[in-house]
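Each chain, letter by letter, is given below.
Number of protein chains: 2
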Amino acid sequence: MTYEKPSVTVDCVVFDDRDRVLLIRRRHPPFAGQFALPGGFVDPAETTEAAARRELREETGLEARDLRLVGVYSKPGRDPRGWTISIAYLVTTDAAAPKAGDDAAEVEFRSDWHEIDLAFDHNEIVRDAIKLRGG
Amino acid sequence: MTYEKPSVTVDCVVFDDRDRVLLIRRRHPPFAGQFALPGGFVDPAETTEAAARRELREETGLEARDLRLVGVYSKPGRDPRGWTISIAYLVTTDAAAPKAGDDAAEVEFRSDWHEIDLAFDHNEIVRDAIKLRGG
Numbered sequence: 006m007t008y009e010k011p012s013v014t015v016d017c018v019v020f021d022d023r024d025r026v027l028l029i030r031r032r033h034p035p036f037a038g039q040f041a042l043p044g045g046f047v048d049p050a051e052t053t054e055a056a057a058r059r060e061l062r063e064e065t066g067l068e069a070r071d072l073r074l075v076g077v078y079s080k081p082g083r084d085p086r087g088w089t090i091s092i093a094y095l096v097t098t099d100a101a102a103p104k105a106g107d108d109a110a111e112v113e114f115r116s117d118w119h120e121i122d123l124a125f126d127h128n129e130i131v132r133d134a135i136k137l138r139g140g
Numbered sequence: 006m007t008y009e010k011p012s013v014t015v016d017c018v019v020f021d022d023r024d025r026v027l028l029i030r031r032r033h034p035p036f037a038g039q040f041a042l043p044g045g046f047v048d049p050a051e052t053t054e055a056a057a058r059r060e061l062r063e064e065t066g067l068e069a070r071d072l073r074l075v076g077v078y079s080k081p082g083r084d085p086r087g088w089t090i091s092i093a094y095l096v097t098t099d100a101a102a103p104k105a106g107d108d109a110a111e112v113e114f115r116s117d118w119h120e121i122d123l124a125f126d127h128n129e130i131v132r133d134a135i136k137l138r139g140g
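Protein chains in written order, with the working numbering: chain A, 6 to 140; chain B, 6 to 140.
Worth flagging that the hints you see were computed from the coordinates, not collected in a lab. Some hints could be false.
[Stated by the list, open to error] Below, computed lysine-lysine pairings styled on DSSO-like, alpha-carbon distance capped at 30 Å:
{"hint": "1", "chain 1": "B", "residue 1": "Lys-10", "chain 2": "B", "residue 2": "Lys-80"}
{"hint": "2", "chain 1": "B", "residue 1": "Lys-136", "chain 2": "B", "residue 2": "Lys-104"}
{"hint": "3", "chain 1": "A", "residue 1": "Lys-136", "chain 2": "A", "residue 2": "Lys-80"}
{"hint": "4", "chain 1": "A", "residue 1": "Lys-136", "chain 2": "B", "residue 2": "Lys-104"}
{"hint": "5", "chain 1": "A", "residue 1": "Lys-80", "chain 2": "B", "residue 2": "Lys-80"}
{"hint": "6", "chain 1": "A", "residue 1": "Lys-10", "chain 2": "B", "residue 2": "Lys-10"}
{"hint": "7", "chain 1": "A", "residue 1": "Lys-136", "chain 2": "A", "residue 2": "Lys-104"}
{"hint": "8", "chain 1": "B", "residue 1": "Lys-10", "chain 2": "A", "residue 2": "Lys-80"}
{"hint": "9", "chain 1": "A", "residue 1": "Lys-104", "chain 2": "B", "residue 2": "Lys-136"}
{"hint": "10", "chain 1": "A", "residue 1": "Lys-104", "chain 2": "A", "residue 2": "Lys-10"}
{"hint": "11", "chain 1": "A", "residue 1": "Lys-80", "chain 2": "B", "residue 2": "Lys-136"}
{"hint": "12", "chain 1": "B", "residue 1": "Lys-80", "chain 2": "A", "residue 2": "Lys-10"}
{"hint": "13", "chain 1": "B", "residue 1": "Lys-80", "chain 2": "B", "residue 2": "Lys-136"}
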């Protein structure tokens with residue numbers, strides 16, 4: 006029996022010491038030019054936690070310290086490319102200036118994230134991360 | 006760009022009022038004949054939460070009430086069929102007698118789950134669910 010398979014991505018929610026959220030500006034479609042959480046596709050030889058650390062490093066230059074699972078996002082239609090399930094982590098890092106790399110055209114900590122229409126369901130993910138943090 | 010995709014499954018941890026864990030005996034390989042948590046593959050048109058409710062109903066006849074995310078299990082090699090990521094939920098149900106169905110040859114609440122070599126990494130999932138419950 007074969008089953009259709011989803012793509013699986015990871016997304017990272019990183020706050021700085023002023024409670025700003027780390028966002029990247031997407032270089033590629035979908036949502037090219039829009040702000041999003043750092044993240045990307047999981048590779049077969051890694052855990053989802055390892056994928057989160059790798060994507061954060063590739064897109065922002067930051068090294069993840071601790072990861073806490075925020076949630077699993079799987080609502081049909083959440084990604085225009087097709088069936089995609091995302092695993093979101095609340096990630097702590099050492100204090101350092103992020104540097105845009107890989108699929109990120111820009112990267113910055115933003116305090117006004119709630120006023121920005123983030124890509125995918127990333128506004129919901131940030132809100133859930135804040136609840137998890139007890140904020 | 007195309008990416009290799011994983012299979013995605015859900016697993017349900019259900020405790021009864023005596024803190025026993027709901028286990029099914031697997032009808033099919035891998036681990037045929039061994040005990041496991043109720044669960045199975047996620048379908049494209051459903052969320053992972055809906056998949057957990059559906060699989061629990063199909064395999065045990067029980068209706069899920071509340072779901073809490075236990076964890077995401079993605080260690081390479083955890084499923085002999087290939088790359089498979091599982092999303093595990095701690096599930097409450099109405100008190101009712103489970104009935105084996107679908108891929109489950111038997112179903113029962115077991116107090117000795119920790120002495121049983123459960124399929125996949127299901128012993129780890131039950132331990133994590135107990136921690137989440139604060140047990």
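The hints, checked one at a time:
no., hint, in the structure
1, B:Lys-10 to B:Lys-80, "15 Å, holds"
2, B:Lys-136 to B:Lys-104, "27 Å, holds"
3, A:Lys-136 to A:Lys-80, "20 Å, holds"
4, A:Lys-136 to B:Lys-104, "37 Å, violated"
5, A:Lys-80 to B:Lys-80, "24 Å, holds"
6, A:Lys-10 to B:Lys-10, "6 Å, holds"
7, A:Lys-136 to A:Lys-104, "27 Å, holds"
8, B:Lys-10 to A:Lys-80, "18 Å, holds"
9, A:Lys-104 to B:Lys-136, "37 Å, violated"
10, A:Lys-104 to A:Lys-10, "33 Å, violated"
11, A:Lys-80 to B:Lys-136, "27 Å, holds"
12, B:Lys-80 to A:Lys-10, "18 Å, holds"
13, B:Lys-80 to B:Lys-136, "20 Å, holds"
In summary, the numbered hints that this structure violates are 4, 9, 10.
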